[in-house]
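Trainee: Taking the hints into account, I'd like the entire structure generated from these sequences.
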Amino acid sequence: MRDAGEPPLLEINIASKRYRGAGRVDLDVIKDLRFSLAQGSVTCLLGPSGCGKTTALRIILGLDRKFEGAVTPPVDSLKLGVVFQDPRLLPWRTVEENIRLAAPSMSPSGLEDILQSLGLSDWRAHRPGELSVGMARRAAVARALSVEPDLLVLDEAFVSLDERGASVLRQYVFGVARARGTAILMVTHNIDEALRHSDRILVLAPRPTHVLESFELAAPLVARDATWMETQRRRFEQVVGATGLPQPPRAIASNHATDPFW
Amino acid sequence: MRLPRFAASLAVLVILWGIAAAAVHSSTLPSPASVFLFIVQDCLHGDMLVNLGMTLWRVVASFVLAMAVGSAIGLVLGRGRFLDEAFSPWMLTLLNTPALVITALCYIWLGLNEFAAIFAVALNKIPNVAVLLREGVRSFDPALDDMSKVYRFSAWKRLRHIFIPQLMPFLIGAARSGLALVWKIVLVVELLGRPNGVGYAIAYYFQLFDVRAVLGYSVAFSLVMLAIEFVVLQPLDQYARRWRTAAS
Ligand SMILES: Nc1ncnc2c1ncn2[C@@H]1O[C@H](COP(=O)(O)OP(=O)(O)OP(=O)(O)O)[C@@H](O)[C@H]1O
Ligand SMILES: [Mg+2]
Numbered sequence: 001m002r003d004a005g006e007p008p009l010l011e012i013n014i015a016s017k018r019y020r021g022a023g024r025v026d027l028d029v030i031k032d033l034r035f036s037l038a039q040g041s042v043t044c045l046l047g048p049s050g051c052g053k054t055t056a057l058r059i060i061l062g063l064d065r066k067f068e069g070a071v072t073p074p075v076d077s078l079k080l081g082v083v084f085q086d087p088r089l090l091p092w093r094t095v096e097e098n099i100r101l102a103a104p105s106m107s108p109s110g111l112e113d114i115l116q117s118l119g120l121s122d123w124r125a126h127r128p129g130e131l132s133v134g135m136a137r138r139a140a141v142a143r144a145l146s147v148e149p150d151l152l153v154l155d156e157a158f159v160s161l162d163e164r165g166a167s168v169l170r171q172y173v174f175g176v177a178r179a180r181g182t183a184i185l186m187v188t189h190n191i192d193e194a195l196r197h198s199d200r201i202l203v204l205a206p207r208p209t210h211v212l213e214s215f216e217l218a219a220p221l222v223a224r225d226a227t228w229m230e231t232q233r234r235r236f237e238q239v240v241g242a243t244g245l246p247q248p249p250r251a252i253a254s255n256h257a258t259d260p261f262w
Numbered sequence: 001m002r003l004p005r006f007a008a009s010l011a012v013l014v015i016l017w018g019i020a021a022a023a024v025h026s027s028t029l030p031s032p033a034s035v036f037l038f039i040v041q042d043c044l045h046g047d048m049l050v051n052l053g054m055t056l057w058r059v060v061a062s063f064v065l066a067m068a069v070g071s072a073i074g075l076v077l078g079r080g081r082f083l084d085e086a087f088s089p090w091m092l093t094l095l096n097t098p099a100l101v102i103t104a105l106c107y108i109w110l111g112l113n114e115f116a117a118i119f120a121v122a123l124n125k126i127p128n129v130a131v132l133l134r135e136g137v138r139s140f141d142p143a144l145d146d147m148s149k150v151y152r153f154s155a156w157k158r159l160r161h162i163f164i165p166q167l168m169p170f171l172i173g174a175a176r177s178g179l180a181l182v183w184k185i186v187l188v189v190e191l192l193g194r195p196n197g198v199g200y201a202i203a204y205y206f207q208l209f210d211v212r213a214v215l216g217y218s219v220a221f222s223l224v225m226l227a228i229e230f231v232v233l234q235p236l237d238q239y240a241r242r243w244r245t246a247a248s
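Line by line, the protein sequences are chains L and E. For what it's worth, my numbering labels the leading residue of the first sequence as 1, then goes sequentially. For what it's worth, my numbering labels the leading residue of the second sequence as 1, then goes sequentially.
Calculated directly from the structure, the hints in this document are not laboratory data. Do not take every clue at face value.
[Unchecked claim] Quick list of in silico lysine-lysine cross-link-like pairs, DSS-like style, CA-CA up to 27 Å:
id, chain 1, residue 1, chain 2, residue 2
1, E, K184, L, K66
2, L, K66, L, K31
3, L, K31, E, K149
4, L, K66, E, K149
5, L, K79, E, K184
6, E, K149, L, K79
7, L, K66, L, K79
Mentor: Written out as structure tokens, the structure reads:
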């Protein structure tokens, strides 16, 4: 999966990011957030609610240039696929048009394939307003994969789905990305999701955020069975415990952010 | 409103008018029938069609000019805070200048010609369009902006698929309120300095104290504007909102 000799896909170095607040109180959101993304690797950001994960993603995606530091090479050189925290489809376009607008060069059979796999075939001609929350999210996922990105960014892409639906969707997304060698940067509050699919979990500090711990997961995906998961979970809890943060929720059912801290 | 109900409501108004006219029984309030008769006769033998045509042309020309220039100004004001602060007071001043003043000045400065007339009408409407469109731009969803940048939408694609759909309700709002305003101002402008058009005709018949003709012209042109509302504006509005109906 990862080759030590290869240069990283992205080198992220955010020295400082602050929002100009109302009433002259600035909000320090990020302070010295540094990590690199290896080619084809899956990196997971796990941090308390409101610590600045979405802010960091926007910077990495080149959407926010008001920060100190650098993201190299310039992200403009990469093809990006993003599943935002909300589906963010154009309400006035159909599912198919939404996908085509992002991926104009996609072949008809490729489109067919992805719609089929995500259970959207019957909904291709519908507009987002007619979709359920889960379907809208799948449409956003379809759009992100359709561009065949170099980097796929998932900002809590699997919340507000039932666990079975979420798990099917995860299998598909990570399966496709791994097969293509697409690098993934994802934000989640779900430890099991992070343990099962990523190569590395970066534990982020509360605001102003930075990397507290880098938790490496070297085991091949096929070896990640129930006992492995349990061992890693315990190991991970120790690592989090050592940082002084409260333990994030454990259960698989924590797709829904129930914990006010995480 | 749907056309049948709209027509029913208008029919009631005409009936009330008829009753009032019968009660008063005076040449200052002619009956609906005699007014409609005048419209038909003047269309066939008089200048009605020419006057309606001239006014309609002025309405359309000044409306298009006002929408184009007003939208452009609105977009710029909505995008840049500095420009907004610099020019919004101008807009406000223009918005509060009486139509009569703008018209008189245009005729004095540009001459008693067609261009001055159309320009004067447009100038009355431009600040209104600009203010509406500025609000439209301010209501843009930044989330969609992010999405379009990530997926590398070209400038044209962003305009067509992100900006215009979001502006559409504001554009149509400006168009509908605009048309009503524009045609009233066109009449004033014609009255002051044009040798034809509905405004000119009404002024002429007013001097003769011919209430039947005054009402005839006003009703005839109102009918033209209602036709435009139902044939052009409402279908356009429905088309622009088609994706909303399903959302509930
Ligand atoms: N545009 C903005 N202007 C001012 N403050 C902002 C802005 N966007 C975010 N913030 C603030 O910055 C902090 C970090 O927000 P961000 O959305 O990055 O958090 P997050 O880690 O993604 O949280 P969550 O897990 O709830 O999604 C929050 O306190 C938020 O209120
Ligand atoms: Mg977030």
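Trainee: For every hint, state whether the structure bears it out.
Mentor: Structure-based check of each hint:
no.	hint	result
1	K184/E with K66/L	violated, 50 Å
2	K66/L with K31/L	holds, 14 Å
3	K31/L with K149/E	holds, 26 Å
4	K66/L with K149/E	holds, 16 Å
5	K79/L with K184/E	violated, 54 Å
6	K149/E with K79/L	holds, 11 Å
7	K66/L with K79/L	holds, 22 Å
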